[in-house]
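Student: Quick note, the sequences are listed as chains A and B, same order.
Take any residue in the first sequence, count from 1 to its spot, add 837: that is its number in our numbering.
Take any residue in the second sequence, count from 1 to its spot, add 3: that is its number in our numbering.
Hints are computed from structural coordinates only; laboratory data are not their basis.
Cβ coordinates follow ideal geometry from the N, Cα and C atoms, glycine included.
Incorrect hints may have been included.
The list that follows gives simulated cross-link-like pairs (lysine to any residue, SDA-like), each with its CA atoms no further than 25 Å apart [said to hold, decoys possible]:
1. Lys8/B to Glu84/B
2. Lys54/B to Ile1209/A
3. Lys54/B to Ser1065/A
For the chain B half of the interface with chain A, some residues (derived, Cβ under 8 Å), not all of them [stated by the list, open to error]:
4. Leu81
5. Gly118
6. Asp129
7. Arg130
8. Ala139
9. Leu142
10. His146
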Amino acid sequence: MKRATLDEADFVIVGTGAGGATAARVLAAAGHSVVMLEEGARLNTSERPRDAGGALAQAMRDGGSQVAFGSAPMPLLQGRCVGGSTAINSGIIWRMPDDVVEDWTSRFGLGHLVDPAVTDPIYDRIEEELEVTPTGDEVLGGNAKAMARGAEALGLPGAPMRRNAGRCRGSGECLQGCPGERRQSMDVSYIPRALADGARLHTHARVERVLVERGRAVGVRGRRLDASTGRSRATFEVRARRGVVLAAGVVHTPLILLRSHVAGPVGLHFQCHPGAAMLGRFDTPIRMSFGATQGYEVPMRERGYKLESLSLPPEMLAARIPGTGAEWQERIAALDHYAQWAAQSRFEAQGRVRLGFGGTPWVNYEPTEHDIAKLKEGLVLLARMMFEAGAREVYPGIGHVPEVLHGPDDVRLLEAAATTRPDLHLMASHLFGTARAGVDASDSVVGPNLEAHGMRGLFVMDASIFPTNLGVNPQHSIMAVVWRAATELAAEDAGRVARAG
Amino acid sequence: MRLLKMEQRWLEAALAGFAPEDGPGLAPRPGEVDWRASFERMADSSNGQAKVGMRAAVWLAGLAPMWLEGKPHTLIGLAPEERASLLERLLAHRSFAVRELVLLLKLQAAFALLGTATARARSGYDRDRPAPQESAASLRQLHVVSESSLEGGRS
Ligand SMILES: Cc1cc2nc3c(=O)[nH]c(=O)nc-3n(C[C@H](O)[C@H](O)[C@H](O)COP(=O)(O)OP(=O)(O)OC[C@H]3O[C@@H](n4cnc5c(N)ncnc54)[C@H](O)[C@@H]3O)c2cc1C
Chain A
838 MKRATLDEAD FVIVGTGAGG ATAARVLAAA GHSVVMLEEG ARLNTSERPR DAGGALAQAM
898 RDGGSQVAFG SAPMPLLQGR CVGGSTAINS GIIWRMPDDV VEDWTSRFGL GHLVDPAVTD
958 PIYDRIEEEL EVTPTGDEVL GGNAKAMARG AEALGLPGAP MRRNAGRCRG SGECLQGCPG
1018 ERRQSMDVSY IPRALADGAR LHTHARVERV LVERGRAVGV RGRRLDASTG RSRATFEVRA
1078 RRGVVLAAGV VHTPLILLRS HVAGPVGLHF QCHPGAAMLG RFDTPIRMSF GATQGYEVPM
1138 RERGYKLESL SLPPEMLAAR IPGTGAEWQE RIAALDHYAQ WAAQSRFEAQ GRVRLGFGGT
1198 PWVNYEPTEH DIAKLKEGLV LLARMMFEAG AREVYPGIGH VPEVLHGPDD VRLLEAAATT
1258 RPDLHLMASH LFGTARAGVD ASDSVVGPNL EAHGMRGLFV MDASIFPTNL GVNPQHSIMA
1318 VVWRAATELA AEDAGRVARA G
Chain B
4 MRLLKMEQRW LEAALAGFAP EDGPGLAPRP GEVDWRASFE RMADSSNGQA KVGMRAAVWL
64 AGLAPMWLEG KPHTLIGLAP EERASLLERL LAHRSFAVRE LVLLLKLQAA FALLGTATAR
124 ARSGYDRDRP APQESAASLR QLHVVSESSL EGGRS
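If we strip away everything but chain A, and leave its shape as in the complex, we get (with noise of 0.2 Å):
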């Protein structure tokens, strides 16, 4: 096979998703030269496809069916495409909550990182640039409003969703490619905006390794891929003169690292928020197709769980109904009547990411009874809600619990099952750890500058790098993170090339 050197600039990125996108916005205006490389391709919108079978198979890794295993295999959804992840996400906005800025500071040192004076100013201007405002009421949706219903009828403290999509006119396409690019992922914001400020994309590119001389990295090594058959063509290395920048994400950074045999507890201290849906049957329509995909919550922080309208494509959506043949076909002839919300935990397991068979990766997890109950509170509390709001049936989709709840009354059956981990359809898109940062070496990968203990010129700017998970959504923590770290690291290279010259 043939190798080129495709390129070389001062700071090389790995990966376009929260992180990588945010460390090229940064790094590219400060005047920095630039070069991402993105294993996935790039995606016009007006070409993506609108179907849900589609949109999975080009935008999502591994088509959706990347899994954690366990006591049950646990999909792993992550975007394989510029944008990362963000390019299917739902745009939900959160800030990194006070506890666990206190816990980052007191536990692992990094108050240098994530100290609100310094973060505070970051987080106000990403939300500028990415357009964040609450969802309109006049774009909520069927699903959500129902939410809303079901969450004051309970006293719950729910609120329409903050999100990066100001202009959103309620299309519910978020997994397809938001129709109009109202959604500020980052395939239209700090992508087209770093390569304004002169960045340079290479797409098709996977990076297996970082090339390494005197004990500094100084450029990556990877394989291109044919873009319409995903076959390797011939391998790549990409020369950093200043820097290497790694922002695979959570499954995919840890590999690069341990391939590059770099030290400190790489692929360890998985972590994730897993999620469960449960679908309600309405008399009158909910119309999930018109709507924010997400966009009412009830964040109940101190139990431990988020609970989320989310609305699907009907392909999926008619997959979680009940039932076979005749049953099923008459559920699913009305697929305007549906409603579903999800709840999604802060799970205290901490799992690993490995290397497995062929370099493609191995994920282990199993959460905890703990984890398991908590979660299980917040869909009995989902139930619950769906009847306040009006459902005639409930199907919960937990094993050992009737597939049909007929009222109130029946959300006891539910509450009373001894749910076990087999008994949940659990998935993650919210994946933590595997390169932790932290002061100390001997038990982190990245300082609290992001650099590597164990290399110099390497840095994970990715979700990789969170000690813990959040218990909110994170890609605003994982932007604002990432931004801090960037731009010192624009500063202090800008000062070392000032006092060389």
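Knowing the structure of chain A, use the given hints to seat chain B with the ligand on it.
Tutor: Leaving out everything else, chain B with the ligand in the frame of chain A:
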């Protein structure tokens, strides 16, 4: 993923078993849904482990009349309504693995059926969808220096 002829027939019998053509409600019209194409597209984008699971699910369902009911034939030998009730039993099976694999088939059936525009139109999902609906537009064309179809920069 290439399925053997026999696997293809089991697959079609299983997926169509979830939504038989002569059923009530949202029933596919004859020849309307390409069950196999939808399955193959999903398999092609899946990783190796998922492909193994998808193939195992086809075998499990295809041979279910034998191992579950002791009958001397495969799923193809059952009438459509019998297939539906067999699939229902499999979805409620005491083995977690059996339930999950058959759920995977149900997911495929839903993707094939509702991924067919004409069937989707009859599902009511888009009923009264308020205007205006935006057509997908690429407002910002990203300048990509190289895609894999282009050769790399300097050798
Ligand atoms: C369906 C879904 C919905 C979500 N909704 C929300 C939400 O509403 N709000 C919120 O806050 N969070 C949400 N999230 C989570 C959020 O999007 C992620 O936490 C965040 O994008 C993670 O950022 P990251 O930079 O760590 O990784 P990613 O954004 O996943 O980016 C990683 C990038 O690296 C690329 N890559 C991987 N390996 C390589 C390699 N070897 N070489 C080159 N490139 C590589 C990938 O293709 C990808 O583009 C959602 C996630 C999903 C999947």
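Student: Does each hint hold? Answer for all of them.
Tutor: Evaluation of the provided hints:
1. Lys8/B to Glu84/B: Holds: Lys8/B and Glu84/B sit about 23 Å apart, inside 25 Å.
2. Lys54/B to Ile1209/A: 29 Å, violated
3. Lys54/B to Ser1065/A: Answer holds: Lys54/B to Ser1065/A is near 20 Å, not above 25 Å.
4. Leu81: Status violated, d = 12 Å.
5. Gly118: 5 Å, holds
6. Asp129: Since chain A brings a Cβ to about 5 Å from Asp129/B, closer than 8 Å, the hint holds.
7. Arg130: 5 Å, holds
8. Ala139: Status holds, d = 4 Å.
9. Leu142: 5 Å, holds
10. His146: 6 Å, holds
In summary, the structure is inconsistent with hints 2, 4 from the numbered list given earlier, while agreeing with the others.
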